[in-house]
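Participant: Same order as they appear, the protein sequences are chains A and B. If you use the working numbering, the first sequence corresponds to residues 1063 to 1171, in order. If you use the working numbering, the second sequence corresponds to residues -5 to 108, in order.
Derived by calculation from the structure, the hints in this document are not laboratory data. Check the hints yourself; a few may be wrong.
Example chain A residues on the side facing chain B (calculated, C-beta under 8 Å, incomplete) [as the list claims (entries may be wrong)]:
1. PHE1074
2. GLU1077
3. SER1089
4. PRO1101
5. GLU1103
6. GLY1104
7. LEU1107
8. LYS1113
9. ALA1114
10. SER1154
11. ILE1159
12. GLY1164
13. HIS1168
14. LEU1170
15. PRO1171
Derived SDA-like pairs: lysine to any residue, alpha-carbon spacing no greater than 25 Å straight-line [as the list claims (entries may be wrong)]:
16. B:LYS64 / B:ASP32
17. A:LYS1163 / B:ARG104
18. A:LYS1132 / B:LYS64
19. B:LYS5 / A:LYS1132
20. A:LYS1158 / B:LYS5
21. A:LYS1163 / B:LYS64
Pair ranges (Cβ atoms, derived) [stated by the list, open to error]:
22. A:GLN1076 / B:GLY10: 46 to 52 Å
23. A:GLN1076 / B:GLU89: 21 to 27 Å
24. B:GLY10 / A:THR1124: 47 to 53 Å
25. A:ASP1080 / B:SER74: 34 to 40 Å
26. A:GLU1077 / B:THR108: 26 to 32 Å
Remember, it's a predicted structure, so these values are computed and weren't measured experimentally. C-beta: ideal position from N, C-alpha, C; glycine also.
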Amino acid sequence: GQQLNQSPQSMFIQEGEDVSMNCTSSSIFNTWLWYKQDPGEGPVLLIALYKAGELTSNGRLTAQFGITRKDSFLNISASIPSDVGIYFCAGSRDDKIIFGKGTRLHILP
Amino acid sequence: DAGITQSPRHKVTETGTPVTLRCHQTENHRYMYWYRQDPGHGLRLIHYSYGVKDTDKGEVSDGYSVSRSKTEDFLLTLESATSSQTSVYFCAISERVPDNSPLHFGNGTRLTVT
C-alpha cells in the first residue's frame, strides 16, 4: 500500500534555529497536509497544499508541495519553545489519506 | 478550533466488555473518521462515514463497528474489548472529500483495556 516516509524521526535544536522536515512517497498525491500535535491533544492543521509546486506560509511556517507530487517539506524559521511537539505530514489521493509517522521536535534550553 | 467533542476523554475497561466512544461535531460536516494512534504506527484509519448511515471500513477495522444516525454524531463501538485495542482514539471531520478539504481532529479518547 501507499506509504509516507517522514524524516527526520526526531530533531534536537537550539531556540532560534530554523527547522526543516520532509515527507516522501513512491506514490503521487493530490493534496499535502501538515499537522502539529501537542501532548494530550489532537493534531492541529498547520498548512494545506492543493497544487504541485505550491509554496504556502503560515507565520514562521512554510510548506511546499513538491513538483513531482511525491514529496513535501515543512520549514520553521526562528524556532521558539512552543514549537515543541510532533509534526505530521499527510497525503491524500483518490480521497484516501495517508499519514506519516511524525517528526518529534525538541528544543534545547 | 473545529467544533468536535469526543467523549469520554479517558476510559479504563476490562477485557471482554463492550465500549462505545462518541464523537460529536457542530460543523455540519459530511465526513467523519475514527483513527487510532499508537507508538510506532502513527495514525491509522478504523472506519469513516460519508453521510448519515453511510460508513466504510478503514485499514484496521477488525473488532470495531460504527454507526452514524445523525450528521453530528459518529459512534465507535468495541463489541468485546481486547488489550490490543488499548490506544488513543481520534475522531476527525472534513467538509468535503479529503482531496479537497483537510481533516480536523478532536482531542482524543485514551482507552485502556486491562
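Participant: Please go over all the hints and tell whether each is borne out by the structure.
Facilitator: Cross-check of the supplied hints:
no., hint, verdict
1, PHE1074, "violated, 19 Å"
2, GLU1077, "violated, 27 Å"
3, SER1089, "violated, 14 Å"
4, PRO1101, "violated, 11 Å"
5, GLU1103, "holds, 5 Å"
6, GLY1104, "holds, 3 Å"
7, LEU1107, "holds, 5 Å"
8, LYS1113, "violated, 12 Å"
9, ALA1114, "violated, 13 Å"
10, SER1154, "holds, 4 Å"
11, ILE1159, "holds, 4 Å"
12, GLY1164, "holds, 6 Å"
13, HIS1168, "violated, 17 Å"
14, LEU1170, "violated, 23 Å"
15, PRO1171, "violated, 26 Å"
16, B:LYS64 / B:ASP32, "violated, 29 Å"
17, A:LYS1163 / B:ARG104, "holds, 19 Å"
18, A:LYS1132 / B:LYS64, "violated, 37 Å"
19, B:LYS5 / A:LYS1132, "violated, 39 Å"
20, A:LYS1158 / B:LYS5, "violated, 30 Å"
21, A:LYS1163 / B:LYS64, "violated, 32 Å"
22, A:GLN1076 / B:GLY10: 46 to 52 Å, "holds, 50 Å"
23, A:GLN1076 / B:GLU89: 21 to 27 Å, "violated, 39 Å"
24, B:GLY10 / A:THR1124: 47 to 53 Å, "holds, 50 Å"
25, A:ASP1080 / B:SER74: 34 to 40 Å, "violated, 50 Å"
26, A:GLU1077 / B:THR108: 26 to 32 Å, "violated, 41 Å"
In the structure shown, a violation is registered for the earlier hints numbered 1, 2, 3, 4, 8, 9, 13, 14, 15, 16, 18, 19, 20, 21, 23, 25 and 26, in ascending order.
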